[in-house]
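A.B. asks: Sequence:
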Amino acid sequence: MVETPAQDARARIVGELLDELAAHTPPGVMRHLRRWPSGPLSLVHLHVLAVLDEEGPIPMRALAGSLDVSQASATGIVDRMEQRGLVERRREDEDRRVIRVASTAAGRELLAGIAAQRRDHVATILDELTDDELAALLLGARALRRARERLHGIPSPAEAPR
Numbered sequence: 001m002v003e004t005p006a007q008d009a010r011a012r013i014v015g016e017l018l019d020e021l022a023a024h025t026p027p028g029v030m031r032h033l034r035r036w037p038s039g040p041l042s043l044v045h046l047h048v049l050a051v052l053d054e055e056g057p058i059p060m061r062a063l064a065g066s067l068d069v070s071q072a073s074a075t076g077i078v079d080r081m082e083q084r085g086l087v088e089r090r091r092e093d094e095d096r097r098v099i100r101v102a103s104t105a106a107g108r109e110l111l112a113g114i115a116a117q118r119r120d121h122v123a124t125i126l127d128e129l130t131d132d133e134l135a136a137l138l139l140g141a142r143a144l145r146r147a148r149e150r151l152h153g154i155p156s157p158a159e160a161p162r
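Going by the numbering used here, the residue at position 12 of the sequence shown is 12; the numbering climbs one at a time, nothing skipped.
Derived by calculation from the structure, the hints in this document are not laboratory data.
Note that beta-carbon positions come from the ideal geometry of N, C-alpha and C, so glycine has one too.
The reader is advised that the hints may include incorrect statements.
What the hints assert, rightly or not - Label-pair distances were calculated between CB atoms; the ranges are:
| # | residue 1 | residue 2 | range |
| --- | --- | --- | --- |
| 1 | Gln-7 | Gln-71 | 41 to 49 Å |
| 2 | Ala-62 | Ala-135 | 40 to 48 Å |
| 3 | Arg-148 | Gly-56 | 19 to 27 Å |
Please model the entire structure based on the sequences and the hints provided.
C.D. replies: Okay, structure coming up:
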């Protein structure tokens with residue numbers, strides 16, 4: 001199929017946008033996490049803390065599924081995080097065979113600290129933009145969120161159940 005000039009221009013813009021967005025992803029995040037005051041934090045450990053923040057205490061099997069790793073790998077990850085005091089294992093009261101993984105206060109503080117530093121860093125970057133650039137960026141960010149919500153079937157805040 002031959003692309004029209006409009007399709008070609010759109011593809012070029014999408015490509016440039018993807019390049020721009022890629023500048024704000026894992027390599028920069030990893031540099032930041034390696035310099036974290038309480039010791040280096042891997043993206044996997046950050047992912048675990050984010051999952052636990054969203055889901056609360058969850059069974060090891062569910063955590064392994066969220067991380068897309070085997071249960072044995074998840075156990076090793078949790079072992080290392082437990083040694084650092086970031087997570088803890090809890091036995092289920094109803095079924096003592098089930099072990100749930102929960103973030104500790106230290107794990108929650110670490111995640112909150114990373115989020116606060118990231119927000120401060122982005123705020124510093126945004127301070128460099130003009131008012132018109134900020135307004136355009138806000139419109140673009142909102143459009144990107146709406147597209148993601150449509151693609152993944154996430155209801156918008158107005159449609160969400162109360």
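A.B. asks: Please flag the earlier hints that this structure goes against, numbers listed from lowest up.
C.D. replies: none
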